[in-house]
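Chemist: Here are the chains, one letter per residue:
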Amino acid sequence: MRREEVIKDLRERFKEEIIDFFDKSPKRVYIEIKPEAILKVSDYIFKSLSARFNIASGVDTRYHVEILYHFIFEDINLLISLRVKLDKKKLEIDSLIPIFEAANWIEREIHELLGINFKGHPDLRRLLLSDDWPEGIHPLRCDYKEWDEKAIRDRGV
Amino acid sequence: MSMKLKALLKSPWVFHLSTGSCNNCDIEILDCLTPRFDIERFGMLLAGSIKHADVLLITGSCNRQSVIRLKRLYEQAPKPCLVVAIGECSLSRGLFMHSYNCPVPLDKIIPVDVYIPGCPPKPEAIIAGVVKLIEKVKKEKVESKK
Amino acid sequence: MAKTIVPIGPYHPLQEEPEFFSLTVEGEKVVDIDVRIGYNHRGIEKLSEMKTFDQSTFVIERICGICSTSHPFAYTRAVEDIISVEVPERAKYIRTIIAEGERIHSHLLWLGLAGHFLGYNTVYMWVWKLREEILDVMEILSGNRNNYAMFKPGGVRRDIKQEDIPDVIKKLDSIIPSLTMIKKAVIDDPVIHARTKGIGVLSKEDAINYAALGPTSRASGVARDVRKDAPYGVYDKIEWNMIVTKNGDVFDKVIVRILEVLEAIKIMKECLLTLPKGEIDLNIKDIPPGEGIGHVEAPRGETFHYVRSDGTNRPVRHKVRAPTFMNLPTFKATVVGETISDATIILAAIDPCYCCTERMAVRNIKGTKLYNGEDLIRLSQEKTEKIKRKMGL
Amino acid sequence: MIYLFYLIFYGFLLTAIVGLLASWIDRKVTARVQYRVGPPVLQPLIDIVKLLGKETLIPKGASKMTFLGAPLAGLASVILVSTLLWVNNVSSNSTFLGDLIVVIYLLTIPSVSIIMGGFASRNPLASLGASREMKLILGYELPFVLAVFVPVIKSGFSIRLGDILNYQLQNGVIIGSWSGFIAFVVVVMCIQAKLALVPFDIAEAETEIVGGPLIEYSGSGLAVYRLMKNMLLFVLPFFLMILFMGGLRFDGIHLLWGILKYVGLVAIITVIRNTNPRVRIDQAVRFFWGPMTVLASISVIMAFLGL
Amino acid sequence: MNLGNELFKFDALANFVGIFITLFSLLIVIYSFGFMRQRKGMFQYYIYIILTLLASLGVVFSNNLILLIVFWGFLGLLLYLLIGFGQKERTPSTAKKAFIIIGGTDALMLLGLAFIWKIAGSLTMDKISIALNTKVAIWTYLCLAAGAFAKAGAMPFHTWVPDTAEDAPTPVTAFLPASLDKLLGIYFLARITLDIFQMNGAMNTLLMGLGSFTIIAAVMMALVQHDLKRLLGYHAVSQVGYMVLGIGTGNPIGIAGGLFHMLNNTIYKSCLFLGGGAVEKRTGTTDLDKLGGFAKIMPVTFVTFLIASLAISGVPPFNGFVSKWMVYQGIIDTSKDGSYLWILWLVAAMFGSALTLASFMKLVHAVFLGQRSKEQKAPSDNRKETSSSMLIPTVTLASLCVIFGVFAYQIPLKLFIFPSLKMTDTVFYGIWSPGLATGLIIVGIVVGIIIYLLGTVAKTRETEIFVGGEIVKEHPEMRLSGTEFYNTIKEMGFLRTIYRLAEKKVFDIYDIGKTITSGFNKVLGTLHNGVLPTYLAWCLLGMIILFFILLR
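Residue numbers (my numbering), protein chains in the order written: chain A, 23 to 179; chain B, 11 to 156; chain C, 31 to 423; chain D, 281 to 587; chain E, 241 to 792.
Note that these hints are calculated values from the structure, not bench results. Mixed in with the good hints there might be a few duds.
To be verified - Calculated pairs, EDC-like style, for lysine to aspartate or glutamate (alpha carbon to alpha carbon, straight line, at most 16 Å):
hint : chain 1 : residue 1 : chain 2 : residue 2
1    : A       : 172       : B       : 123
2    : A       : 49        : C       : 116
3    : B       : 81        : A       : 153
4    : D       : 340       : E       : 704
5    : E       : 249       : E       : 527
6    : C       : 33        : E       : 529
7    : D       : 340       : E       : 529
8    : E       : 730       : C       : 56
9    : C       : 362       : A       : 54
10   : B       : 89        : D       : 531
11   : C       : 59        : E       : 731
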């Protein structure tokens with residue numbers, strides 16, 4: 023399948039779900055989709071188009087929390103990033119674990135660093151932050167402030 | 011100087027603790043064991059258990075998860091036990107001073123005897139640092155006798 | 031029956047870095063495994079957002095000491111992806127040389143440690159002795175043993191001197207015979223066979239499902255290599271082979287790595303010999319708003335960076351995905367059912383690199399001056415020199 | 281009383297000195313094999329003196345008596361074994377009958393003491409290591425006992441070490457015969473396991489279970505264990521020499537021969553240790569119960585046939 | 241000649257066994273005061289104990305085989321009744337199993353008695369002497385030996401012992417299967433082997449073979465058990481092997497070793513059972529998974545248990561080593577007859593000793609060392625040792641272990657064993673001098689202590705354990721119970737098959753018997769389906785067959 027075919031296929035198949043389509047460069051395509059459709063779209067990309075799941079990355083912009091799911095089509099050297107924008111009031115999205123195991127850790131990470139709830143994730147335990155990190159504080163949020171009064175932030179010399 | 015202390019200086023077994031480092035210092039410590047540097051010449055060995063350790067080589071920027079364990083581990087080490095901070099991170103947290111996960115520098119957690127700067131310090135520097143440590147202990151002993 | 035957990039780590043001689051594995055065992059057999067990471071988390075992604083694009087390179091370099099080339103490589107490529115520029119040809123060559131040098135030293139490091147884990151300290155010492163030669167080469171090329179500080183968005187920071195090249199090539203050539211000897215010693219040893227063959231098999235399906243990367247997946251027969259699939263640097267201009275084996279056990283992972291070292295030496299030599307003349311830097315000043323992705327093949331697999339810029343001189347978001355992050359979860363598929371002794375070598379076989387996995391975050395707080403990596407290196411070098419002089423070395 | 285003299289001077293002091301030296305040889309040879317310089321001569325002694333100066337830690341809730349008593353039992357048994365061996369060598373007629381069996385039994389006590397110490401540590405890793413040590417004992421005990429009986433058969437069913445020595449004095453060393461040689465090979469492998477050296481250092485595997493039974497020991501306890509292990513490095517090859525190589529004699533050139541034999545044995549052990557990776561515990565047990573037992577049985581049958 | 245002499249005799253062997261039977265009964269009674277407190281039916285219990293004592297003494301001192309068999313049978317019944325005091329669900333069926341196996345072999349003994357009457361014409365023991373040269377004599381010997389084996393719990397009649405050990409109350413186990421039954425069984429075996437029959441080489445070899453097999457097989461089973469008492473039960477079986485082996489050697493030192501081992505075994509085995517009982521009393525369980533870390537809480541019990549464990553594993557200088565060493569000497573002595581099999585028996589015995597050590601290391605770890613289990617971590621329980629009535633017997637027995645080991649020659653051998661075998665010490669062809677060795681070990685330990693004192697052992701510090709720096713409290717599962725230590729061996733090649741079969745009770749003579757019986761029942765049962773025409777058909781068929789046979 024060539025590059026154009028993949029893009030055309032995706033555009034037609036998910037006409038309803040795609041909000042925005044940005045063809046950045048020959049190797050990069052950004053597709054914004056509705057959050058509800060993430061399972062459907064990634065399932066198709068992973069299973070039918072047999073792309074490899076690269077990673078997901080979360081970004082806290084002022085208005086939304088975005089999650090980008092990066093998929094790579096290695097045979098045609100194309101990287102498709104699925105973008106979903108989540109409302110700050112309702113930070114919830116379906117977990118991708120039913121489709122591939124690879125999403126397990128990254129969802130745990132995004133859960134603790136950005137505070138997004140992944141529906142259907144089997145265990146959303148801590149991954150990176152320490153045991154004494156307080157609940158409800160997410161370091162990658164825009165509004166993150168130092169909470170630990172004991173922390174020393176100078177050279178101490 | 012007593013026999014035992016002399017012996018301690020001639021056979022310091024080191025235990026290596028990484029508290030959130032980039033791995034470079036740790037690898038340079040391992041490098042010290044290898045043919046080119048061979049710290050076994052000085053009787054140094056890399057101990058597996060902290061209960062066998064005489065010198066703690068601490069690398070890394072002391073992140074939150076490690077700090078709790080570090081304190082406990084220091085308790086578990088048999089005294090006299092010397093602490094060497096290796097690399098910029100463990101000296102002052104270096105680049106990571108403002109990281110949300112690295113709240114305090116190492117010497118605010120446990121007493122540190124010798125600092126070895128560098129990012130990463132070369133194996134030669136690590137060996138030299140440990141030699142300095144030995145000198146320091148000797149000097150302290152002499153002074154305390156006076 | 032009561033649940034029994036055997037702890038491995040966090041401060042375990044098996045790992046230079048602290049990680050805590052809890053193996054649920056029945057006798058010596060592992061029936062379940064769980065891992066707690068976070069002993070190495072430094073919030074680099076956040077830190078990176080506090081620094082300028084140029085400064086970030088140094089922080090990115092300190093994600094991991096062993097991958098101190100792959101991360102800046104991927105990061106600079108991501109930044110260049112935002113601007114949509116290509117770096118000069120000579121810079122590409124230099125980047126490739128450094129990246130391959132890193133691959134050699136990383137694989138040798140792993141091979142030595144694998145010997146150490148198996149209690150075969152002779153292999154450990156021999157391989158690390160060899161690795162010193164590579165570090166010397168890197169010191170000649172970049173001035174540093176580790177953390178080469180060669181990369182910057184738009185090119186490389188330092189040039190390779192033409193007069194160093196014959197020396198370097200001689201050194202590289204001298205490695206090959208010893209490496210071949212070690213290769214034979216490792217591959218033919220019956221006890222190593224007994225310890226590694228058929229142990230910790232990662233099937234091809236699992237490798238795809240877990241999205242395993244690099245040598246881990248190539249040992250399972252998944253022929254994926256960013257250098258071939260999405261060529262960057264000068265990998266498309268140079269002849270080299272991708273090493274793929276079928277079995278997915280520890281032994282195959284050893285084989286893949288050893289053969290990759292030989293390939294890497296080949297690539298490095300060819301790059302050095304055909305190094306073109308020209309500029310090494312584009313001197314990029316402004317980064318336009320936008321987002322960029324860079325991915326390169328690190329020694330352990332694909333390293334992936336995503337950078338978003340809003341037109342200021344700092345990244346808004348910098349996402350780092352190290353290969354171990356994807357490789358490590360495969361232990362569920364490989365360790366269960368093996369014995370504790372095997373578990374350690376299986377865990378080691380993916381060449382885990384937790385400091386990559388747990389990334390420090392990079393972000394600038396206004397009004398504070400930080401030492402950057404170069405300063406630190408300079409300081410340390412001065413210090414080393416001083417000590418050397420003092421000791422009369 | 282004469283025994284007490286032997287015990288203090290030969291059994292303890294001489295054994296300890298030679299053991300420490302042997303430990304240094306082992307470390308030095310290892311270092312040379314690995315292109316390193318290696319430690320200075322006095323290093324093993326310095327290590328022990330240093331450990332004596334360190335604090336002795338006891339794990340919380342552990343039985344102090346067992347934890348500190350276990351090393352003593354091991355040391356005492358090694359001293360006793362080495363005394364018995366020396367007595368046999370120095371005056372081979374003044375020992376009692378059946379001391380071979382006593383020696384075989386006493387030689388398991390150091391391992392048992394390590395196991396008890398490991399168990400008393402209340403540490404899961406130590407328990408695991410100690411259980412491996414026990415499995416290893418099960419593994420090597422079978423071929424070891426079988427192979428040790430080859431000299432017994434050869435020397436006319438005597439289970440007195442002195443008789444075996446005298447037999448060798450008159451009829452040449454046992455290792456010179458085919459059955460003796462095979463048995464010797466088996467016993468060398470068993471000794472490798474008894475000394476807990478690679479490839480059979482499974483019980484103390486640093487990179488798996490952090491030193492196993494010794495993980496909790498520090499200071500004096502560890503010093504005694506190390507001394508015990510160093511002494512074993514003398515006692516076990518010495519036992520082998522008595523059984524297969526005519527022991528150690530003190531007259532002129534024979535003494536030199538004896539020393540050469542001993543150094544050769546230590547070198548063999550060191551070389552085996554440095555050219556193999558560690559095996560798994562089930563592989564080790566299988567190795568001892570399979571090929572080694574078969575070899576030992578063959579050597580026993582050959583000994584019966586007079587080969 | 242009066243009837244008393246005809247019926248009873250008081251020779252050295254009987255006296256020696258009698259003395260120890262009485263001693264053990266006394267200790268068990270003392271122990272039961274503590275252990276069986278607040279249970280129902282204690283009056284009957286003590287009555288049964290006393291009756292057992294009397295019956296045992298009757299067996300030991302009777303000179304007439306009929307009298308002996310009467311007491312013998314009575315003991316079987318008492319065993320059944322005493323097992324019944326157990327509180328487990330399976331207890332009744334266990335009691336039945338023991339009763340049936342022992343009763344069955346009793347029947348064999350009766351048969352043997354009949355044969356003896358036929359051969360020798362007398363049933364007074366000291367008047368019979370039968371040479372094992374006829375088939376009948378051999379069968380007679382085997383019948384009587386079967387009785388002894390079943391009582392002592394040697395293979396293949398051993399299967400009631402582990403079950404009983406698990407299900408009966410601990411004092412009962414310590415009393416009957418562990419001590420009295422061993423004493424009596426081996427006493428009887430020694431009697432028939434030494435006095436009544438004149439052994440020949442083949443029979444000796446058979447005995448030694450059975451002994452070696454018992455040692456290895458039982459201890460291999462013990463290796464993988466999960467229950468404290470069951471594990472001990474298997475050892476109760478395996479140790480019998482040494483005694484049979486010793487008696488089977490047929491030379492004085494071997495027999496002396498066998499008898500001495502019988503004595504030693506009863507001492508340390510009871511000590512082990514009683515120590516285990518103390519732990520059971522305190523925790524209410526014998527599941528090894530749920531125990532652990534009692535060394536600090538019950539130090540006295542721990543030390544006695546440890547001494548007994550080392551003694552049973554044959555670690556010098558305890559008593560087990562001396563008797564095993566004598567047995568070995570006996571085995572090597574048989575090489576004088578030109579037999580090559582001795583090396584097989586010797587290796588089996590020595591390897592069995594290592595296996596014993598292994599399983600006891602596991603046991604000691606699972607019960608006393610290691611970490612405490614979640615179940616036992618209840619902080620409210622601050623009691624230290626068990627009651628003194630339970631400590632006195634264990635301490636007595638443990639000190640006997642040490643005394644009989646260190647002064648083996650001066651006390652037990654000289655006073656009990658040699659007189660009962662009517663031998664002098666000149667028979668010995670080499671004696672391990674345990675006293676001297678102990679002295680040397682003590683000196684060695686003193687050397688160690690001096691090294692300790694040179695160090696810093698005077699001021700110790702308690703720290704947490706090091707498990708790689710992780711905090712243990714947050715991971716209560718981070719403990720090894722020890723029950724799975726030998727899974728590696730269990731899952732090794734052909735051993736796996738054997739263990740699997742053993743778990744299905746393929747080697748259990750009782751279950752084989754049960755299967756055969758119930759198989760017959762099933763076949764016969766299908767014939768009785770209650771339908772009249774079928775019965776008529778059977779009748780007709782039978783008539784036809786009868787006619788066919790008769791009229792042919």
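Chemist: Of the hints stated earlier, which fail here?
Modeler: Structure breaks hints 1, 5, 7, 9 and 10.
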